[in-house]
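Visitor: Residue numbers (our numbering), protein chains in the order written: chain V, 1 to 374; chain E, 1 to 416.
It should be emphasised that the hints constitute simulated quantities derived from the structure, not laboratory data. Careful: at least some of the hints might be erroneous.
[Said to hold, decoys possible] Distance condition first, Cα-Cα at most 20 Å in a straight line; then the derived SDA-like pairs of lysine to any residue:
{"#": "1", "chain 1": "E", "residue 1": "Lys-396", "chain 2": "V", "residue 2": "Gly-233"}
{"#": "2", "chain 1": "E", "residue 1": "Lys-396", "chain 2": "V", "residue 2": "Pro-229"}
{"#": "3", "chain 1": "E", "residue 1": "Lys-165", "chain 2": "E", "residue 2": "Thr-231"}
{"#": "4", "chain 1": "E", "residue 1": "Lys-309", "chain 2": "V", "residue 2": "Ala-46"}
{"#": "5", "chain 1": "V", "residue 1": "Lys-168", "chain 2": "E", "residue 2": "Ala-394"}
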Amino acid sequence: MKGLSRDRLWSIAVLLPSVVLLAVFVYGFIARTVYVSMTDWGNDPAQALAVNPIIRWVGFANYQELFTGFLQGRFRQELVSTIFFTLFFILGCLALGLGLALVLDRNPRGEGLWRTIFLFPMSLSFIVTGTIWRWMLQPQGGVNQFPQALGLPAGNFSWLSSTEGIWKFDWNALPLITASVVGLVLILLAVRAARAGDRTRAIVSGVCAALLLGWALLVGPNVRLLPAPELHGFNLALIGIIIAAVWQMSGYTMALYLAGLRGIPEELREAAKVDGASDFGMYRHVIFPLLAPITLSAMIILGHISLKIFDLVYAMAGPDNTYTSVPALNMYLTSFRQNQFALGAAIGTILLILVAFVIVPYLSSSFRSEEGHA
Amino acid sequence: MKRSSVKKALLIAAALTVTGTASAAGKLEIFSWWSGDEGPALEALVKLYKQKYPSVTVDNATVSGGAGTNAKAVLKTRMLGGTPPDSFQVHAGQELIGTWVVANRMEDLSSLFKSEGWNKVFPQDVITLLSAKGGIWSVPVNVHRSNVMWYNPAKLKAWGVTAPKTWAEFLTTCNTLKAKGVAAPLVVGENWTQQHLWESVMIGTLGPQGWQNLWSGKTKFTDPKVVQGFTTFGKVMDCANKDASGLSWQQASDRIADGTSAFNIMGDWAAGYFTTTKKLQPNAGFGWAASPGTNGTFVMLADSFGLPKGAKDRAESLNWLRLLGSKQGQDAFNPLKGSIAARTDSDLSKYNTYSRSAAADWKRNKIVGSMVHGAVAPESFTSAFGAIIDQFVASKNAQGAAAAAQQLATRAGIGQ
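So here's chain E without its partners, still in its complex pose:
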């Protein structure tokens, strides 16, 4: 008891000194959840920053934990307590806009975009995703693609099937594979990976424009086309493994590598997992295609940094954002992170085989935002939507799920 209270006192004292010294000039505090695998990429950026601004002390305030669950809770405490970090990581788009911009706690970065000429180097679709209420709210440092279907080329050859181009074709392929004794042609993991799959099915059904209409409020979730998307998703889930909720996305990817399942829909961080951790060769150990029905569409998610109102070191923070958006910064960061640059003029020779193909698509394709990774829907929607997916997978009631999703969207303020 005593020892823990001493510890607490020490922690409080430490927190006080941190906030105390942060107010001194020449300081920059960066708040992110990049630790572990992603740590070196952030380090590269910090190193670059120190080269450019040697007098500034950089305080790397990383709160570890997948997808930032812990970091977001800490951030909330700090923002509400009136001590925001100078710049913090957030998924680009509605995750920031629906939480912090609507609460009027972020600075508009439009003038920075204009002065740096970023309106020309970032694709227009991306600028649209970052914008709301007449401002642009964060600087994207990287881009990941969400609609990728991963498979095992050797196994597909052995089974005599090819990667399906539409969801209807996928269901036929699924039946063929089931007839050949593959118990689960598709592998999914825990709840968020099922939402991830739902997203790909929905975009494959509605098309990119239909998907955007859904989030701008032009199309309601109760629209027959959306209900149809839910029905298709239900059929697709019938092709999937039954122990889904116990699997992480890595464990689900393992089943592609070892050939237990034929397909997996996952973001392109899976490429990094296959090449780095599993030591597989692209196009030999693992193959990829756009998820069915989404050829020519790039479903994006991005990590970005914003500038909270009341940041103590505003000038240093703006320099940091300038670096993030620069070609040099993005090309230092992304090859290490396993993502691609949000800029269309990046130096492709620095990237691996998969990333080069993704970067080529990035320039050509129609770009839309991902729901599950915070680009088009605020967290309050995504978090509660998981329960709807779970209920739907159990009941297969498409009408009910669509009605529930619409209520959720209204509550979260989507399309208003």
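Just chain V, with the same shape it has in the complex:
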């Protein structure tokens, strides 16, 4: 604690350049983007690319436009698509990766070869994966022709060009749905807290839940974000893209799970066997709980990849297909084709917030555990 020792000076000198670079090129530019998103830069075509554009502060008007503007239905569909995409992508990768890892954990013959084969797709770029899968998912060729090899009629699912959607809901009902879901979660928390004997926590959650649900019942149904109902759902054209993405990333989850499985001490398995656990019971009560941290970190990595996805969709379905579009694509088109820089920055900021939802809890928890160890 003597202030600046030689070591300390050295460490500061070594770290300083990267801290400065990070401050400017990451946080500085994030701040700049957030600032731009609250201006009207580009809303007037005459000012968008002028030498000295007149840029006015408009507050949250661009965000309001994105969520309630008549013309921004495409963006809202993309938000919904992203949620569905993330959900199915993560579930698919986890399930397939775990399955492959469990099979490989049984030490099949040629395990090293299989591992390489399953891990190989990850070494490709999304553009390559996208191009290959676009060929395979041509409506009149590729996958749809497989049944013919077995003498069955060819499939006719239009993989990337379907315009149909399922599980549709009205965007106007979004506040209602959100309030109900959060309310139900709060009730669950309250019940758990009450069982654990934490009274203050139970009461706080219970009251919040009651307020939210009360709002949902009384005010929610009358909220109108848009003048007319606007249906959004899970577009079937996304299925092809989800398959390609799972194909690419499930090798990664397999590697994670395999490392986890190999890390479980043999004694634990033997102890379980001695206690009379069946194979299924051993997995259910011994192995899967030990894999939980791996599942969490896989979810974090996959989650932020899927929220930011751009290249795969661009390669597979092109930038102008609104049924497969994602916010990152829209951000690119809005900023660099329509020259609406402020609106594009707003979409970028929303993406950043979405990714932060996934990353920040993870960072803070790992931070906390590190401090705990120290």
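Dock chain E against the given chain V, drawing on the hints supplied.
Guide: Below, chain E alone, put in the same frame as chain V:
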């Protein structure tokens, strides 16, 4: 990691030397997206330029990528960074005017048009399309036609139908063909080809004058006639294939060649595709007509070059523009590109069968500009309009689509 940063450093160094030497005299940098099939046509022009001005080094800065999507992004970076190319390619009309002219970054070329006598050799309708704010902003080097309906003559004969003359007739023909087991009488492709079709339906419904009023702001998109056009477009789309968004325009054209579908509305680059790539004979392997309701109307789009303010080699660039507008330049370029000359005095013996028929129409017809190819609407409109078309095709809500289009037009500054 290391290797890529070395690469980056090299790229930056290379970029610096390029901009550094560009300031030396006797240089001309041409920025375009003509690579691949269109490369030889550009080469012919450059060769001609070198013959006339041997002391000038021509730097062909091509950024490949269909319809210039990549090139436009690079151009934006260069213009905003203060190092504009000496002359760059752009779709003639609002694509240039709505983006760069309104931002006050282009030079007015009116005096060049006057001194070269181009006001007489280019059709008046074209000069009007190139003009805004009291100036003329680019030199068109070629012309393509957007409102062409392609068909397979042998197949039409076998089905016992003829190419329809109006959209009402088209819908009847469509029903006849459906009854004969043709699942999709019309073939469309990805989003922009649907906008392309919309354009032809709209002009066929509104007529050329009505179409021009739409873009000058005299007619609103919410006008009953425009809504009617949307409704017709919806019915026409009911005749089309369901896997549209996965098809490129070439794949859509293939379905005409192999007879899966009867009709396709596409620009006349399809003629080049049919003859050069598919080796089909005009009028035998493929046939064409003006799209329904647009006989006597030539919906044009053109590639053109403009002169950005602050271009380093302004004199060389002006010479380049002079060459582009000249008869010699246009007749060197267009037969290779598969387009026709924007001048009305071109040497038709150099062109193929289709181009000759198009050139004849070019001289006689009423000329209007294409929306999807940037002649009458700025990019900010066209790019966002795609989402409206997608929504309309799903919902078939003509009123809603028209209202959305009107909002978009107001935002893009159309009719102001």
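Visitor: Each hint: holds or not?
Guide: Checked hints:
Under the criterion of a C-alpha separation no larger than 20 Å, the hint pairing E:Lys-396 with V:Gly-233 is consistent with the structure, at around 18 Å. A hinted pair counts as satisfied when its Cα atoms are at most 20 Å apart, and E:Lys-396 with V:Pro-229 qualifies at roughly 15 Å. The hinted pair formed by E:Lys-165 and E:Thr-231 meets the criterion: a straight-line CA distance of about 18 Å does not exceed 20 Å. For the hint pairing E:Lys-309 with V:Ala-46, the CA-to-CA distance comes to about 16 Å; that is within 20 Å, so the pair holds.
In summary, the hint linking V:Lys-168 to E:Ala-394 is supported, as the alpha carbons are separated by about 14 Å, within the 20 Å threshold.
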